[in-house]
Amino acid sequence: MQFTIITCALTGGADTAGKNPAVPVTPRQIAESAIAAGDAGAAIVHVHVRDPHTRCGSMEFALYEETVGLIRNARPDLLINLTTGAGALLTSDQIRSASQTRLLATPQARVTHVQRLRPEICSLDMATMNFGDRVFLNSVADLTEMARLIAEAGVKPELEAFDLGHLRLVDHLLQQHVLQTPPLVQICLGVLGGAPADPATMVAMVGRLPDDALWSGFGIGAQEFPMVAQSVLLGGHVRVGLEDSLFIERGVLAPSNAALVAKAAQLIKLLGGQVATPAKARELLGLAR
Numbered sequence: 001m002q003f004t005i006i007t008c009a010l011t012g013g014a015d016t017a018g019k020n021p022a023v024p025v026t027p028r029q030i031a032e033s034a035i036a037a038g039d040a041g042a043a044i045v046h047v048h049v050r051d052p053h054t055r056c057g058s059m060e061f062a063l064y065e066e067t068v069g070l071i072r073n074a075r076p077d078l079l080i081n082l083t084t085g086a087g088a089l090l091t092s093d094q095i096r097s098a099s100q101t102r103l104l105a106t107p108q109a110r111v112t113h114v115q116r117l118r119p120e121i122c123s124l125d126m127a128t129m130n131f132g133d134r135v136f137l138n139s140v141a142d143l144t145e146m147a148r149l150i151a152e153a154g155v156k157p158e159l160e161a162f163d164l165g166h167l168r169l170v171d172h173l174l175q176q177h178v179l180q181t182p183p184l185v186q187i188c189l190g191v192l193g194g195a196p197a198d199p200a201t202m203v204a205m206v207g208r209l210p211d212d213a214l215w216s217g218f219g220i221g222a223q224e225f226p227m228v229a230q231s232v233l234l235g236g237h238v239r240v241g242l243e244d245s246l247f248i249e250r251g252v253l254a255p256s257n258a259a260l261v262a263k264a265a266q267l268i269k270l271l272g273g274q275v276a277t278p279a280k281a282r283e284l285l286g287l288a289r
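Positions 1 to 289 (the numbering used here) are the ones given, in order, by the sequence shown.
Worth flagging that the hints you see were computed from the coordinates, not collected in a lab.
For glycine and all other residues, C-beta sits at the position ideal for the given N, C-alpha and C.
Just so you know, not all the hints are guaranteed correct.
[To be verified] In the DSSO-like style, the derived pairs of lysine-lysine whose C-alpha atoms are separated by at most 27 angstroms in a straight line are:
no.	residue 1	residue 2
1	280	263
2	269	280
3	280	19
[Stated by the list, open to error] Across the chosen pairs, the derived CB separations fall in these ranges:
no.	residue 1	residue 2	range
4	53	274	39 to 45 angstroms
5	52	74	37 to 43 angstroms
6	280	52	33 to 39 angstroms
7	109	77	29 to 35 angstroms
8	255	229	18 to 24 angstroms
9	200	274	25 to 31 angstroms
Work out the full structure: start from the sequences and follow the hints.
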């Protein structure tokens with residue numbers, strides 16, 4: 001029986017908190033949502049933080065420190081995956097405005113919270129691309145420096161691939177020994193500017209993974225659960241959460257991250273699989289306790 005790891009992407013950094021009241025904002029809300037998601041079957045929680053006043057994404061270390069501390073105190077078994085995507089998403093106007101270049105964070109700034117908090121996993125986006133109405137900037141030089149700093153912290157990078165070219169970059173960085181094997185790859189489908197969320201695309205992406213890769217996949221919006229099924233059928237792990245979709249079914253807002261995780265767990269079981277516990281996830285990913 002195949003074991004499937006569920007990652008729950010708790011809140012993201014997009015302007016979604018006003019679109020669904022279940023989106024957690026404060027460190028306590030994010031931590032409580034993480035704990036409930038773990039109780040529902042998630043082994044990994046993917047963590048962004050938000051400014052409690054603006055309710056938008058933040059890079060403030062104190063918010064990460066509080067959120068991670070609350071999760072670890074309540075559920076020390078859960079694997080924590082911290083984002084490093086913040087600081088690389090800009091609008092065209094921000095890119096054109098010399099006064100706004102401070103918004104483009106340095107590689108060091110983007111991983112400071114990872115170095116200090118040392119989660120089991122952190123994301124590392126392989127993408128320079130259009131990302132909805134913004135532009136995502138990740139140069140090879142920046143990725144190389146971030147990968148070095150992440151490795152020094154003893155954290156496993158989860159390599160976010162939004163299109164086939166991003167997997168080619170994974171191969172290149174492996175060949176240059178910037179990344180260690182086996183890589184952990186997250187196939188991210190459905191973002192405007194990236195690959196579409198459909199079965200043919202996921203099959204193509206899986207076919208271009210490094211031979212020894214560990215991988216997970218997800219689709220955003222209405223394709224969240226179809227891509228859960230597709231990932232399981234192809235032998236991968238899965239991700240769901242309010243970062244990826246605000247709805248649990250057509251026209252019905254998701255009441256919580258836990259509800260999305262529970263639905264994914266039910267789907268995994270219906271397809272003949274078994275949901276991995278945090279301990280099993282550590283074993284599968286080769287992460288020492």
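Okay, the hints, checked on the actual structure:
no.: 1; hint: 280 <-> 263; result: 20 angstroms, holds
no.: 2; hint: 269 <-> 280; result: 16 angstroms, holds
no.: 3; hint: 280 <-> 19; result: 35 angstroms, violated
no.: 4; hint: 53 <-> 274: 39 to 45 angstroms; result: 42 angstroms, holds
no.: 5; hint: 52 <-> 74: 37 to 43 angstroms; result: 20 angstroms, violated
no.: 6; hint: 280 <-> 52: 33 to 39 angstroms; result: 35 angstroms, holds
no.: 7; hint: 109 <-> 77: 29 to 35 angstroms; result: 30 angstroms, holds
no.: 8; hint: 255 <-> 229: 18 to 24 angstroms; result: 22 angstroms, holds
no.: 9; hint: 200 <-> 274: 25 to 31 angstroms; result: 27 angstroms, holds
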